[in-house]
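Enquirer: Numbering-wise (the numbering used here), the sequence shown opens with residue 1 and increments by one.
Bear in mind the hints are in silico, worked out from the structure with no lab data behind them.
Treat the hints with caution; some may be incorrect.
What follows is a set of in silico ranges between Cβ atoms, one per label pair, in the way DEER data are often shown [said to hold, decoys possible]:
#1 Y45 with C260: 28 to 34 Å
#2 A166 with Y45: 33 to 39 Å
#3 L246 with I4: 34 to 40 Å
Taking lysine-lysine and the DSS-like style, the derived pairs with C-alpha atoms no more than 30 Å apart in a straight line are [what the hints assert, rightly or not]:
#4 K13 with K70
#5 K222 with K78
#6 K103 with K92
#7 K5 with K74
#8 K78 with K103
#9 K222 with K147
#10 K152 with K250
#11 K147 with K92
#12 K222 with K103
#13 K103 with K147
All of these numbers come straight from a predicted model, not from anything done at the bench.
In this text, a Cβ means the ideal position worked out from N, Cα and C, and glycines have one as well.
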Amino acid sequence: MPTIKNNFHTHSKRCKHAFGSEEDYVRSAIANGLSTLGFSDHTPYPYADADFGRRMDFEELGDYLDTLNKLSEKYRDKIVVRKGLETEYLPKYRSYYEELLGKWGFEYLLLGEHFYLNDAGEYGNTYEITSTTEYLAYARTLIEGMKTGLFKAVAHPDLYLLNPFAWNDDCKRAADLIIDTAVSTNTILEYNANGFRREQICYPDGLRYQYPHDGFWQMAAKAPVRVIVGSDCHDPKYVWDDAVELAYEKLQTLGINPVCDL
Numbered sequence: 001m002p003t004i005k006n007n008f009h010t011h012s013k014r015c016k017h018a019f020g021s022e023e024d025y026v027r028s029a030i031a032n033g034l035s036t037l038g039f040s041d042h043t044p045y046p047y048a049d050a051d052f053g054r055r056m057d058f059e060e061l062g063d064y065l066d067t068l069n070k071l072s073e074k075y076r077d078k079i080v081v082r083k084g085l086e087t088e089y090l091p092k093y094r095s096y097y098e099e100l101l102g103k104w105g106f107e108y109l110l111l112g113e114h115f116y117l118n119d120a121g122e123y124g125n126t127y128e129i130t131s132t133t134e135y136l137a138y139a140r141t142l143i144e145g146m147k148t149g150l151f152k153a154v155a156h157p158d159l160y161l162l163n164p165f166a167w168n169d170d171c172k173r174a175a176d177l178i179i180d181t182a183v184s185t186n187t188i189l190e191y192n193a194n195g196f197r198r199e200q201i202c203y204p205d206g207l208r209y210q211y212p213h214d215g216f217w218q219m220a221a222k223a224p225v226r227v228i229v230g231s232d233c234h235d236p237k238y239v240w241d242d243a244v245e246l247a248y249e250k251l252q253t254l255g256i257n258p259v260c261d262l
C-alpha cells in the first residue's frame with residue numbers, strides 16, 4: 001500500500017448517478033487517512049449538440065466550484081481538496097476545456113472518453129461499441145486529447161474493453177496507440193478501481209472484470225508510462241476501500257509502481 005494516500009477521481013450526487021455531497025466525500029477521505037482528495041465530477045456542456053449522459057447541469061457548475069473552494073478552506077488543516085472535472089475530449093469543445101482551466105479556475109481535467117468520434121464523424125458511445133474495429137476510433141480520440149496537453153491523466157483508458165468481445169489484434173493495436181501516446185506526451189494513465197466493484201462477466205475468452213483489463217495493463221507494464229490509481233468513487237464509502245487496495249496489489253503484481261499525485 002502507498003505511504004501517501006490520495007485520490008483524484010471522485011464524483012458526487014451532482015452527476016445524477018452517484019450518492020453523497022462533496023462534504024460527505026471529504027469527511028470520508030479524512031477518516032480514511034487521505035492527504036489529498038481531488039474532485040472530478042462529469043463536465044457539463046453549455047451548448048451540447050448531443051446527450052452526453054448523466055452529469056450535472058451546466059447551471060450547477062459555478063456552485064460546484066464554490067463548494068469545493070469552501071471545503072478546501074474549511075478542512076485546510078486536515079486535507080488538501082483539489083478542484084477538477086472528468087471530461088471527454090471532443091475537438092469542437094476544445095476552447096471550452098481551455099476556459100475551464102483558465103477563467104473558471106479548475107486545477108485539472110481527467111480525460112474520460114465515454115463518447116468519441118467514430119470514423120463517420122459521429123459520436124460513438126464507448127459502452128455500445130458493436131465491433132472491435134471501432135476501438136481504433138476510440139483510441140484516436142484519446143490520442144488527440146492527450147496531445148492537447150489539457151489533461152493530467154486519462155481515466156480508465158481501457159474502458160473500451162468492457163464491450164462483449166475477446167482480446168484480439170484490434171484490442172492490442174488500440175492499447176499500443178494509447179500507451180505510446182501517453183509516454184510521448186507524459187500523460188498519466190489511470191488504473192481504475194471502480195471496475196473491481198462490478199461483477200465479473202463471462203466474455204468469449206473467459207471470465208473477467210470489465211476493466212481494468214489484464215491484457216492492456218500487461219502491455220502498459222512494459223512501457224515507461226506513468227500510472228495512478230483512481231477510486232472513481234460514486235459513494236463516500238468507496239473513497240478508499242477494498243477495491244482501491246486490490247488495485248494497488250494488482251499493480252504490484254504487474255511490476256508497476258504507481259505515482260501518487262497528478
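Enquirer: Run the distance test for K13 versus K70: straight-line Cα separation, threshold 30 Å.
Expert: Holds, because 18 Å separates the two Cα atoms, which is no more than 30 Å.
Enquirer: Given the hinted pair K152 and K250, is their Cα-Cα distance within 30 Å?
Expert: 23 Å, holds
Enquirer: Can the restraint linking K222 and K78 be considered satisfied, given a maximum Cα separation of 30 Å?
Expert: Violated - the C-alpha atoms of K78 and K222 are around 38 Å apart, more than 30 Å.
Enquirer: Are the Cα positions of K222 and K147 separated by 30 Å at most?
Expert: OK: K222 and K147 at ~22 Å, within 30 Å.
Enquirer: Does the Cβ distance between A166 and Y45 fall inside 33 to 39 Å?
Expert: 35 Å, holds
Enquirer: Hey, K78 versus K103, does the alpha-carbon distance stay inside 30 Å?
Expert: 28 Å, holds
Enquirer: Tell me if the straight-line CA distance from K103 to K92 falls inside 30 Å.
Expert: 19 Å, holds
Enquirer: Could you say whether the range 34 to 40 Å given as a hint is met by the Cβ separation of L246 and I4?
Expert: At roughly 19 Å between Cβ atoms, I4 and L246 fall outside 34 to 40 Å, so the hint is violated.
Enquirer: Given the hinted pair K222 and K103, is their Cα-Cα distance within 30 Å?
Expert: Outside the cut-off at roughly 39 Å; violated.
Enquirer: Under the criterion that the straight-line Cα-Cα distance not exceed 30 Å, is the pair K103, K147 satisfied?
Expert: Given that 30 Å is the threshold and the Cα spacing comes to 22 Å, the pair holds.
Enquirer: Assess, step by step, whether the Cα of K147 is no farther than 30 Å from the Cα of K92, and give holds or violated.
Expert: The hint holds at about 15 Å.
Enquirer: Just to be careful, I want the Cα atoms of K5 and K74 compared with a cutoff of 30 Å; is the pair within it?
Expert: Between K5 and K74 the Cα gap is close to 20 Å, so the pair holds against 30 Å.
Against the hints set out earlier in the document, violations occur for numbers 3, 5 and 12.
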